[in-house]
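Participant: For the record, the sequence lines run as chains B and V. In this text, residue positions in the first sequence follow the working numbering: the first is 89, and each later residue adds one. In this text, residue positions in the second sequence follow the working numbering: the first is 10, and each later residue adds one.
Bear in mind the hints are in silico, worked out from the structure with no lab data behind them. Ideal Cβ placement from N, Cα and C applies to all residues, glycine included. A portion of the hints provided could be inaccurate.
Simulated coverage check for chain V against chain B, where a stretch passes if three residues somewhere in it have a Cβ under 8 angstroms from a Cβ of chain B [claimed, not checked]:
#, stretch
1, 120–126
2, 140–154
3, 339–347
Here are the computed lysine-lysine pairs in the DSBU-like style, where the Cα-Cα straight-line distance is at most 35 angstroms [claimed, not checked]:
#, chain 1, residue 1, chain 2, residue 2
4, V, K151, B, K338
5, V, K170, B, K112
6, V, K328, V, K402
7, V, K212, V, K76
8, V, K213, B, K112
9, V, K151, V, K170
10, V, K235, B, K112
11, B, K112, B, K338
12, V, K328, B, K338
13, V, K149, V, K213
14, V, K253, V, K235
15, V, K73, B, K338
16, V, K326, V, K212
17, V, K212, V, K253
18, V, K73, V, K253
19, V, K76, V, K149
20, V, K170, V, K76
21, B, K338, V, K170
22, V, K170, V, K149
23, V, K149, V, K253
24, V, K235, V, K212
25, V, K76, B, K338
26, V, K73, V, K235
27, V, K76, V, K151
28, B, K112, V, K149
29, V, K212, V, K151
30, V, K73, V, K170
Here are some, though not all, of the chain B residues that point toward chain V, as calculated from beta-carbon distances under 8 angstroms [said to hold, decoys possible]:
#, residue
31, G101
32, L102
33, N105
34, A109
35, K112
36, Q117
37, A119
38, S176
39, T186
40, K187
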Amino acid sequence: MFEHLRRLIAYRGLLWNLALAELKARHRQTALGMLWAIAQPLSMMVVTTIVFSMFVRVSDETVPYAIVAYVGLWSWLLFANSLTASVSSIVANMNLVTKANFPREVIPLSKIVVTGFDFLVGLVLLGLLMAFYRVPLTASVLIVPGLLLIQVAIIVGMMLLCSALYVLHRDLGALLPLGLQVLMLISPVLYPVSLVPEQLKSVYLLNPMAALIEAYRATLLYGQFPSAGSLAGALLAALLLFGLGYQYFKSVEQRFADVM
Amino acid sequence: MLCDAPQDAAAVLEFDRVSKGYDRQSLSFRSAFHRALARMKRRWTPPNPQADSLFWAVRDLSFKVYKGETVGIIGENGAGKSTILKLMAGITAPTHGRVVCRGRVASLIELGAGFNPDLTGRENITLNGSVLGLSQSEIKQKFNHIVSFSGLEQFLDTPVKYYSSGMYAKLGFAVAAYVEADIILTDEILAVGDVAFQRQCHKKFQELQSSATIVFVSHDLLAIRKSCTRVLWIRGGLIQLDSKPDEVVDAYLDSVQQEREEELRVGRPKRAIQGAMRWGSGEIEIEAVTTHDEQGRDKSVFRTHEQLVIRISYRVKGKFVDPGFCVQLHTDQSVWLHGTNTFVDGVSCQVDADAGMVELHYPDIPLLTGTYWIMAGVTSANDWDTPYDVIMKAQHFEVLTGSGEGGIIVCDHAWNTAVSPSATDHPSSAATSAFIHTKARTN
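If we strip away everything but chain V, and leave its shape as in the complex, we get (with noise of 0.2 angstroms):
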């Protein structure tokens, strides 16, 4: 890593048409016999980059970050999203390209690295500061604003090993608030602990983004979105995206949801379901149940709020009379979450002679991240004791959700942050001004 005198004044992290490839090979003797071997005959051969046994993690990769900003970066996992945060760190080299950076770095990759169990929480915080490149006198200057702030003043002269793990993370990431860099490279650290020591760090953070740049490598799609200026989407070490929070994070999803897509379309049952799932006397006989959106097209995942369109496809085997048809929805865990039929929605059927279909649409899917399961049937005379077919799990489908709403279901909300005293003895009269609507946004 070179640290350049500032040039281009703003930004304080550059990547110059960075690679990074990883040796797979093996370092045995054998093996490093056949590579002097296959040295010597590129020799006499042209190179031939598909020949080369690197992997390539990073790949000509060039970007700039700019002081003061917050940047995420997401990706799947081995998309090369921690290899780019330890080239920023200088933990490891480019293969090729150059990585600048401007400034202090601290890279809180792990919080308490470094951490000797049998040492006591004091001296730990001496040995971790050290570590993440403090000097003595500063780490002698910031030693109590540390313990005040990890709330360990009880257990400062006990050995970590006896801490609880909640407590491990307090004191690693105390000592790691008082860093003062320039620029802070962190992974998947920003809240540690319990619900109040969170709020803490959430602080914390807030006044280190205010006062350095800030690198952060995040699963938790909801933080990236409230907390980064500028969001890279990193596939296959290349960036796919490098936006506004909002507009990555949503293409980030909708690929998920593509991909997921795609996995499922293959190990998805075209054909009903035979066995024990399965019952009936068949004179209608339920051929495929399948997914789609409004538009007729096949799909397995869905975003919350989005419709979801079930079609049944059916074959006559025999003689019936009033055919009628029902859907249930179940979680994975098997809760029934909703279920209807033609003839409690009082929808007469026409059954064709041959085959036929029918679909059920749900305009707003108010599920939140899961897969959840469908059972078809159809029967005469709403009659479910003795009916015609009924796959208990004929098909299943999955809903992904961005915000950070948690369960199964989305229930319409709204909350009223500013309840005066007075208020709560007439309910009639609050403030509906300070009502905040939640409905819009959540997928």
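Bound-form chain B, shown alone (with noise of 0.2 angstroms):
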């Protein structure tokens, strides 16, 4: 493992150079260009205020529900776009694959970057909207690195799972939309933890995704502490899937070269 880690670290250059790459390769062929990073979650945002506060009232008593809408989004498009953009990338780079040696992990991790990318710029987005509606921050927010740094570790463990799979079992790029848009619908991307029924609650929040972005509701918009209940099951399937899913990457990845 840690031999894999130090062999990773030295192709840093090569990770950030691809992330780099393609940052400058969409913008560059866009007229929107920067504006697109934004652009997602926002037009998702307004859209969903409008349903749900207009068609389907999802009340909240203290915080708009847009906000609550826009936070969610943001942690959950983080999830999924780097999901999707990860799980064709390494048979997508194969010229690469096929000719060149470096640890094939740099590949799907720089698409990480890509998103994190789009995740920063929707912050300062955040930081707007959180000024327009007055909602106070407190040193709750302090816990918001933490909790990115559990989001990037199971991103980061999915991503490498399910890179490598796809290489195997090609199913799985039909698999993946689905299965992303089932766990959108159980976790509280779009309505808020609290109309989960009581006796739900329980199970409802062992999907680390869902303990996430409750978590981050909290802190960001509340001014809470996460329950350490639920982000310790958080941080626990967090470790899981990052050891998991290195491990399973490094065992076929001998293997790429030769199926494509």
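Build the complex: two chains, separate frames, hints provided.
Facilitator: The structure is reproduced here in structure tokens:
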């Protein structure tokens, strides 16, 4: 494991350059360029706000629904977009994989740098929204970097698992969007956890993404510290997924060039 | 791939009984199910290597490459050359055995691997450099050298999708040339671009030869002869020969010649062709036209400067007077190369009453690589307007050339590379000592 990590660190330049290349290429071809990074969460927030506060009433006492939905979408999109971008990344870069020798995890990992960039742009927008709706900042925001770390570990683990599985079993290409849709509906992305029936809540929060989104909202919008229990569960899931994903990826990595 | 501490200090690359099998099975659930069944069955039956569905690209290969060598790998398509290169580069892992490398390996298997067409030349230098394992600071440090080597200063901020293929290759080679590695693995990329850039590539390659160990796969036998210190000939995943370049290349050419001979033997017409390619009154009929070596053995693939014997078998069908034969050689594109007959050569023919053969000997075929056609004819008193029998494409043979000379024919030639300005006024006083006669080594 440490041998692998050392080699990965030696190739950090490649990881960075791949991500940079994608960001540059992406923004160079579009008229809106960088604005697209905020267009996705912003437009979804506007639409969901219209739907959920005018058609279906999702009432929340202290914080406007728009910003509740935004926080949910902002953290969910980091997860979903990273997975979507990385699942086929090894196959899409097969000319690199079959022609050069480098730690293959660099390719899927470079995708989280790209989606991470969108996430940071989204953070700036979040700050503006919070100022606009006069949501007060409290000491609990200091937890946010910790939450982000847990989320990144979950994403990296899932990315490595999915991108390696996809090389060997292309069925995953059809399965992943479906899985993400289901997971989004059973996570509090567009609604607050308070709407979930009390007796189901303990099961509901077993989903680490549910626990994480809930924790983001609690710390950023309500000035509360998240419950230690659900966070511990998310942390455990993160460590497990990261370890499993990395281990699996490294164990099949050598076969990539042969399969393609 | 393992990167051990040096034990055998001079060996930088080591194959220890390496085999590589590729799984040709599909990944569908159906076949996965069948495989699972087969695996369960196998538990109760002893393993049978014949039933294995693996395709073995490399079999039980052992060799060492020593520091400072330039090793060429030759062989036919599908012999396993590229697999060997990929095993060395660590791109693929051996199924059995061990590959050991000592030092930094640069695999330049494809020029410009990972170039992003939307990015500029400048951005792609950085990207490609990091693919080849250069760190950010190394790239920064070598950037100017790479740019000036490529000669693409003006196009540095143009997306590479607008580059010509030559420019693309130049940029790729320039980055590759500055990867300072102990072992360099390449695949037919030694010379790219225009003539001037090729010269630059060649010079850089010689520079790299002095500083690194190089392994390269090539079909360019001339480049292999000139650049390598040692050549491996790979055949069916095994080493056929491992020796000095000239020896291996000659043996390889001999084998290609023989195999081609086998293939042609099946497809060659034994009898004379009928139809529009043939005309004549038929008093003497040509039965067959065959090609042979000086001992009279069948041969259809020749090397430049070898002896060619054309044999015409005939059968007498009617009355004839003053018979004579002709032979013409044509290229594949119907260019008439040479023609002669027994009348102009002043040779009289003793035609037997029933059947017989005549032979035309070419002691030294002055032809280069290609397919050549033989026209054969027989007539009376040099009258080719109303011949007994003429067959246009009666037979063909092939010629292989090992040298880099081009064209159809070999002309005897000599270079004088030390012509002094004063000598040009008096051609007779040319410095004969600087003449390099080249006839001897053409095949």
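Participant: How does the coverage statement for the stretch 120–126 of chain V fare against chain B, requiring three or more residues with Cβ below 8 angstroms from a Cβ of that chain?
Facilitator: Holds, because 3 residues of the stretch 120–126 of chain V bring their Cβ atoms closer than 8 angstroms to Cβ atoms of chain B.
Participant: Can the restraint linking K212 (chain V) and K76 (chain V) be considered satisfied, given a maximum Cα separation of 35 angstroms?
Facilitator: Measuring from Cα to Cα gives roughly 20 angstroms; hence the hint holds.
Participant: Report holds or violated for the interface hint on A119 (chain B), using the least CB-CB distance to chain V and a cut-off of 8 angstroms.
Facilitator: At about 15 angstroms, which exceeds the 8 angstroms cut-off, the nearest Cβ of chain V leaves the hint on A119 (chain B) violated.
Participant: Would the pair K212 (chain V) and K151 (chain V) pass a check requiring their Cα atoms to be no farther apart than 35 angstroms?
Facilitator: holds (18 angstroms)
Participant: Sort out whether K112 (chain B) lies within 35 angstroms of K235 (chain V), counting only the CA atoms.
Facilitator: violated (44 angstroms)
Participant: With a cut-off of 8 angstroms between beta carbons, are at least three residues of the stretch 140–154 of chain V near chain B?
Facilitator: With 7 residues close enough to chain B, the hint holds.
Participant: For the hint on L102 (chain B), does the least C-beta distance to chain V fall short of 8 angstroms?
Facilitator: holds (4 angstroms)
Participant: Hint check: K170 (chain V) vs K112 (chain B), CA-CA at most 35 angstroms. Holds or violated?
Facilitator: Holds, at roughly 15 angstroms.
Participant: For a C-alpha distance cap of 35 angstroms, please report whether K76 (chain V) and K149 (chain V) respect it.
Facilitator: holds (29 angstroms)
Participant: Given the hinted pair K149 (chain V) and K253 (chain V), is their Cα-Cα distance within 35 angstroms?
Facilitator: Roughly 40 angstroms between the alpha carbons, so the hint for K149 (chain V) and K253 (chain V) is violated.
Participant: Given A109 (chain B) as an interface hint, is the shortest Cβ-Cβ distance to chain V below 8 angstroms?
Facilitator: holds (5 angstroms)
Participant: Hint check: K112 (chain B) vs K149 (chain V), CA-CA at most 35 angstroms. Holds or violated?
Facilitator: holds (19 angstroms)
The earlier numbered hints that this structure contradicts are 3, 10, 12, 16, 20, 23, 30, 37, 38.
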